[in-house]
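J.: Residue-level listing of the chains:
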Amino acid sequence: MAKEEFIRVDGRRPDQLRKYRIRAGVLKNADGSAEIRLGKNWIVVGVYGPKEHFPKFEALQDRALLFCRYHMAPYSTTERKSPKPSRREIELSKVIRSALEQAVILDRFPEMSIDVYIEVLQAEGSTRVASITAASVALAEAGIPMRDMVVGCSAGKVNGKIVLDVGEEEDKHGEADLPIAIMPNLKKVVLLQMDGKLTHEEFKEAFETALKGAMELYEEQKRALKELIEKMREFEGDEK
Amino acid sequence: MSKTEKIVVPGETIKVYSQRGKEEGFIFRIGKGNYVFTHLGVAHIQNKKVDLIPYKNVYIPKIGDYVIGFVVSYAPNGWILEIGSYTKAFLPANEVVKEGKFDPKKVELGKYLKLGDALGALILDMNRFSNIILTLKPIKEGVNPRHLGRLTGYYMIKVHTTKLPRIIGKKGSMVKIIKKKIDGDLIIAQNGVIMYKGEYENFLILKRILNIIIQYTYASGLTGRIAELLGVSISEENQGGEVNKGG
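Quick mapping for you: the protein sequence lines, in order, are chains A and B.
Each residue of the first sequence is one higher than the last, beginning at 1 in my numbering.
Each residue of the second sequence is one higher than the last, beginning at 1001 in my numbering.
Simulated from the structure, these hints should not be mistaken for laboratory data.
What you are looking at is a predicted structure, and each value in this text was computed from that prediction instead of being measured.
From the three backbone atoms N, C-alpha and C, an ideal C-beta is built for every residue, glycine too.
One or more hints might be untrue.
[To be verified] In silico DSS-like pairs for lysine-lysine, Cα to Cα no more than 27 Å straight-line:
# : chain 1 : residue 1 : chain 2 : residue 2
1 : B       : K1015     : A       : K51
2 : A       : K187      : B       : K1015
3 : A       : K51       : B       : K1170
4 : A       : K40       : A       : K94
5 : B       : K1207     : B       : K1197
6 : B       : K1170     : B       : K1158
[Said to hold, decoys possible] Beta-carbon label-pair distances, calculated as ranges:
#  : chain 1 : residue 1 : chain 2 : residue 2 : range
7  : A       : E234      : B       : E1108     : 53 to 59 Å
8  : A       : N29       : B       : G1142     : 34 to 40 Å
9  : A       : R23       : B       : T1013     : 24 to 30 Å
10 : B       : I1063     : A       : F57       : 43 to 49 Å
11 : A       : V26       : B       : N1077     : 40 to 46 Å
Please take these sequences and the hints and turn them into a complete structure.
T.: Listed below in structure tokens is the structure:
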């Protein structure tokens, strides 16, 4: 008898990401910007800075301040979400900031601040890791010095099976959710959260699965950034 | 001595390094002999040396840079100017007020420079703790004294500072070509402000050329293309008018 394959609620294999696409430089007025589509997730990030920090007494003498705002648009969810920053949004802003802070070389800009505005236009689960992935592309596009890119991906447990890139339904009805963010070249973990329960072995498996997904998204990040320069290299109408 | 050229993103590791890349802060040391690129750009690697042309970079002024700033605020003893860097610059009042010793109680600063005035100046001093001090004295050779001080009647274009090397060209080749086509006073400041005084039609041509240069920053043979487009031959040794590149 053929082995029964585990098919997820949206028809994906357990180790399959949703359809993804990253674009850099989507906003005209921000210093740097990026957009990510991960399944039905649609997130736009704008970066400003480095600039003088106000109020002055908050500025740090030895490095820049990274300010992060994660915000979900009122039309991003099935039921209207109040535009007021919720407890969840404030917490996510904080965890995204802590993840990005480790990659950005902040000590080059004392007494300055860098602003990262994350706007979730459409949400379908795992928005925090998708936001981190897009924010890091926007920071690179803004010309802000970074030690490495930051890329995030999530894994979870659904019906006793470890799955990659948890969607909205799986997040609600699954047993566990493990979002991670890494610096792929420096091999460092910058975000690790867990919701639900996993055994030690399951955790290891989920972590490895999320890591694999993150590396796939890292390639897409690189492609999105390199595309910006490729466009400037060839004259229009020239044969390659 | 093979030369390789590749597009790099932040975090890509490299074994070799150059003093230049390190100084300009485009590579970051992560361990013994290991470096990572910190910017997106095109890296030229030759003979264990790396030169990165970044896609975008934060403009950090150096002492002696020629910049064009705009008055945004007054201080008791001078003006605060926006120069497109990460912080604003300060121009002491005694650089402009020449009548005797400057006394903040008696002198009305608004009489000399108003908010929004454009000003060409040199960086006198700066440190990493966000103090940039400007001067109007020609402390460096190669700067036209006419371009120091208030600039009036100019058209202005702002470009990103990483595009300036391409706009100026090798030994000023691109600027020379542009100057052959359009006459008038052209100033290229190192903070990415380009000022032009002359006919409006020429300004529109200049704007178009700059747009093309910005769009194809990383393309090879750009100078030839621009010369072809403008109908100017590169070989002619016509210097045109004076161009202030600020060094």
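J.: Does each hint hold? Answer for all of them.
T.: Hints, one by one, checked against the model:
1. Restraint check: the Cα-Cα separation between K1015/B and K51/A comes to about 33 Å, which exceeds 27 Å; the hinted pair is violated.
2. A hinted pair counts as satisfied when its Cα atoms are at most 27 Å apart, and K187/A with K1015/B qualifies at roughly 17 Å.
3. Only pairs whose Cα atoms come within 27 Å are accepted, and K51/A paired with K1170/B is rejected, the gap being roughly 32 Å.
4. At most 27 Å may separate the alpha-carbon atoms for a hinted pair to count; K40/A and K94/A meet this at roughly 24 Å.
5. With a CA separation close to 13 Å, the supplied pair K1207/B and K1197/B stays within the 27 Å bound.
6. As the CA atoms of K1170/B and K1158/B are separated by approximately 21 Å, the hinted pair is consistent with the 27 Å bound.
7. At about 56 Å, the beta-carbon gap between E234/A and E1108/B stays in the expected band of 53 to 59 Å.
8. For the pair N29/A and G1142/B, the supplied restraint of 34 to 40 Å holds, since their beta-carbon distance comes to about 35 Å.
9. Between R23/A and T1013/B, the C-beta spacing of about 26 Å keeps the proposed range 24 to 30 Å intact.
10. Separated by about 29 Å at the C-beta atoms, I1063/B and F57/A break the suggested range of 43 to 49 Å.
11. Between V26/A and N1077/B, the C-beta spacing of about 44 Å keeps the proposed range 40 to 46 Å intact.
Hints 1, 3, 10 from the list above are not met by this structure, while the remaining hints are.
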